[in-house]
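Given two chains presented individually in distinct reference frames, assemble the corresponding complex, making use of the accompanying hints.
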Amino acid sequence: MRHDLDALQTALVADVDAVIDTVGRETDPRECFVRLGNARLLAVHYPVAYGGRGLSLACHTAVSERIGMRGIPDVPHLVTVQAVGCPILTFGTDRQRERWLAPIASGRLLASLLLSESDAGSDLTRITTVAVPDSEGWRLNGRKSWSMWTEWSGIGLCCARTREGTNRYDGISLFIVDLSAPGIAIERVNRAGAEPYYTVTFDDVRLDADALLGRLHRGWALLPVIIGFERGGFDYLTRAQTWLAAAEATLRRLPADRQADLAAGFAQRAFHVENARALSYHAAAAADGLEMDETTVSYAKLASGQAAQSVARWAGEELLPLGVQEDDDDMRALLGRAVAEAPELTVSGGARELQLDLISQDPAIGWTI
Amino acid sequence: MDLIVDAAMQKLVDAIRESDLAAAPEASGWEVFDGLGITEMLVPTPDGPAALGQLAWCLVLEELGGSCRDHSLIRSVRTFLDVYPHGPQPKRAAEAFGQWVGAHRAGLSPQTVLIEHSPAAGPRVWRTPSSVPALGELPDVVLDPSAVEAVADRQLLAVAAYALGIARRCLRAAQERADGRTIAGRRLLEYQGTSHRLAQCAVDLAVARAGLRRTATGEDDGKPAAHRAPAAAAASVTAALDCAHTAVQIFGAAGTSNPEIIRLFRAAYALPALTGAPAELWRSAGIRRMQNGSR
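These protein sequences, in sequence, are chains A and B.
The opening residue of the first sequence carries number 313 in the numbering used here; numbering runs sequentially from there.
The opening residue of the second sequence carries number 41 in the numbering used here; numbering runs sequentially from there.
Chain B on its own, in the form it takes in the complex (with noise of 0.2 Å):
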């Protein structure tokens, strides 16, 4: 058991961050990872539905995290490799994919989302809204309760990499202040009550990641996330609030002012209404061990 992401992965994150930095701030995550040049790797093929696994994408959801990007698009374009290949027919669900990823850079906005559950026809069914292009006329999916399950486990670990990003950018954001700072002759972060509580939440943050990336790394075995998905989550949301609540008492006053401190708060305190609050996170992950055992 080890935490190292190989060198391919972490080729793939370097670029990632390479990528953010070359694009413009109101960009959205699609589009820093579309600046790579790499999506049509996403296309499925025969073979399999998508070129980077759990892991992967988690590492790229955490580094768009760490700059607020939109990920509404991007996450629902996984969504999309998730569960067409188990649609009525996933060969032309695939050829109107790579369309639409050859075609996207005409006009689309970042808020687009490729597919989402059909609340008309009950949640088992997941359905692409007939407005996106070379996707709209896709036959419907219906997915059993298992698989239904499966792929929000997938979605909440998507959206716990990117408040894992969040966490990680507030943390550093503290840090830098703390170490800048001079109060009373001292820099800030020589005082314990501000480096201790910085130090808790990296630990904090590094459990969560711990706990995320092992998950990931399962899926990409073959091993189902189960009740380790919504655990993750709860962890990783709750170390984005965090840390954003410490970014906060340690910039001061300048915390409920700054524009980077604002914006890394709201993003953190939107992640609950994409997961649910973590206390439910909690409950349901030990509902489920309970039923299912550790497994």
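One chain only, chain A, in its complex shape (with noise of 0.2 Å):
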């Protein structure tokens, strides 16, 4: 048991450190990723072979924690190198993973996850898209929502109907979508105080044989191990420890009988926030090579996306209406943007009743950490 980081982890927190140092406030995101792809950081739990350094899952997990920490969008990072990169790593054929895991490692080329749909929300076997087989691959037919940074994105892991099915889980592929194909259209959908939803529509898009991943009509099957790689909790963890440290920044600046009031409150976040964040990393650690245990996911999930929501709430509730001076409008905004954003944690990647659903049902509850 660790209380806190390891020599290797904590060394390569410097590294991110050291190349983020390299570049200004207002340089793109995208110039970042690929300077700390450079660097063989943004995937060091790939195999050296395709751009990483062949280091566990948890020494990623620290990589992405501090790269959301240094204020860089994690979220676009974490779905391409978790939730598009290692199901292509894992289930992959070699040559796609030679075709796609090297650009992605290398910062160069980014991806979206195009699961869901508007009438299928979390129900996966709900979903219309349809792919059907022509001479040269499929033509792709449909439309995909919720999707985040997907105009940055070159790619899209994207789930179809390959037939109807013997049962409503039979049926469902999974392809690599090459996002500059002809037939593609992508609209941004606006959101108060957070980024940007996206709707993919795939007009007869045409995919040649190689962009199915794993076996065909058997995708559903790969499903929960493609959102486990999403949920390690840890964008909702940088959002938290953010909020918490302009919360406590806050706190500190009150008078000394107004912070004794809130006091008790700020201590209950920030126990909640340090100890999911523990739950986060022990999933990462815990894990069997990529894959982690899908019950303990959920916990560091579902612990996380809470955690992050009371700070914001209490941020709203209690501390913006005393707290926050009227010229500091930095902190105004973030703590604004905060409430705006929380309602969000609970919902996306796997809304909070299908985590509870997930933790109910385990054999071990109560044990399993």
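Be aware that a few hints might be false.
[Said to hold, decoys possible] No farther apart than 20 Å at their CA atoms in a straight line, the calculated lysine to aspartate or glutamate pairs in the DMTMM-like style are these:
| hint | chain 1 | residue 1 | chain 2 | residue 2 |
| --- | --- | --- | --- | --- |
| 1 | B | Lys51 | B | Glu66 |
| 2 | B | Lys263 | B | Asp42 |
| 3 | B | Lys51 | B | Asp260 |
| 4 | B | Lys263 | A | Asp406 |
| 5 | B | Lys263 | A | Asp316 |
| 6 | B | Lys51 | B | Asp74 |
The hints are simulated quantities; they were obtained by calculation from the structure and are not laboratory data.
Pasting the structure below:
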């Protein structure tokens, strides 16, 4: 048991800092990704042959967290390297690995996860996007919703129906889609206080035969693993830690009696954030290679989302009305964004209800961690 | 950072569980521990006060909490080992403690405590009651305020660990009940009102346990618990209380008459008397953090 980062994780964090220190605050984050990729820091858990360092998932965890804590958008990194890259690494053919992983690890190729649809929500058995075989591969038609950073993405990992199926789980397949292909339209969906979503429409898009990831019609079995790669909770934790630091700075500027009034609420949120973080690190450290235990990940994701949400609500409901100076526009804006963004943190990437379902069925409830 | 219990610690936990199963229902936590035959390990040596670190101690207490064993004696043993190495005659204290360990089977009641604050001499003075064989003649120990705070923090961690054991037991009992009961043709566990309440308790318990174990590991690595001790205690006691209420709710009417559930519920409500109310603990944690930073 370790209460903090180990020596290797600490060294990697310093490496990330050294790279980010070389770029200006106004630099496009995509340039940061390239520089981090040049230093082989974006996917340290990938094999060396694919641009990684052959390190553990726990090492990647420390790097990801640091990237987010330095203000670089961590969602495109996590989705690209974890949710899309790791399935290619795990389930892809040698040719797919060679084609896609090195560009991903280099930071020059970002990716989106194109799973959900507006009428399917979290229930991916209800998707209506279809892929029909043709002479050279497949033709893809349908519409995907709620993806993020898709304007930056060169590829998407998309699930589609490839046959009606003997049951609702059968007949779903996964495809790696080149998002520059003809017939693809990407539409931005603006949101209050948060990064936009994207809707991606496929109009008779041609995919080559090599686009299929994993076995035909058997994509459902891969989905929990793919989603698991995404669900470490780290994107939530970087928000939680950033918001907590802002809240603490605000609290410290208050008179002593006000600080004392709010101290209990602050301590509760700080404990929640710090130990949700520990659960996320634990889920990565306990992984079998790249494969994280689904239930352990549910604990980490839910605790992290709830911790971040709790900080935002506390800041919005108790601290902001009292504590932020009128002239501190930056702090007011940061905590205001936190309030707006917080509800999503128990919705995206698998809603709270799904995580609770998983945890309640765990035979070792109360013992898992 | 990880929460993986290493093989040696897991062996200790497994041994405590076996000893717990073999012990009489009324046996105290100390008797369960003694049943392992390792109490001599606790005798202080010139090189160090105790063979078991804070994390190991917390793992032991969590197991004892799982069966609601009386923990007054075993916690006071730990406090003795925490305090007396700083006393005026540590060698004599070690010898006396060794005699006590060797002879304690002769009629000590589970309620005996080895050391306590001495109210008459002020809160910084620790004293062994004169009635405790072999130890009662030891000189008092006077600690400076920071040392007193550190001892008190470690005591909080021990009670917090015991609270986690109660929480875990409540959760298991509630899950088994929900899994075995059928309401309108469906298992109770299939109703989200039940399953989600259980799962949320499990998440809160996991967060509390992570906090406690990280704090205990930090102590073992020389990083004082500081504000993390009251925070871990608040989270752990709250988890025990929430899990106890959940168990009663899921047992329904039986929850207020089933002896096992009643025992767990009472054990959970005995915890704030030892730690203070969770609200006060959070306040203490917050104020200490504001004073000292997040160190």
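Taking the hints in turn, this is what the structure says about them:
A distance of roughly 24 Å separates the Cα atoms of B:Lys51 and B:Glu66; the hinted pair therefore is violated under the 20 Å criterion. Distance restraint check for B:Lys263 and B:Asp42: the Cα-Cα separation of roughly 17 Å lies within the 20 Å cut-off, and the hinted pair is therefore satisfied. Of the supplied pair hints, the one linking B:Lys51 and B:Asp260 holds, its CA atoms being roughly 19 Å apart against a limit of 20 Å. Distance restraint check for B:Lys263 and A:Asp406: the Cα-Cα separation of roughly 48 Å exceeds the 20 Å cut-off, and the hinted pair is therefore not satisfied.
At roughly 11 Å between alpha-carbon atoms, B:Lys263 and A:Asp316 fall within 20 Å of each other, so this suggested pair holds. Distance check on the hinted pair: B:Lys51 and B:Asp74 sit about 16 Å apart at the alpha-carbon level, within 20 Å; holds.
Hints 1, 4, counting from the list given before, are not met by this structure.
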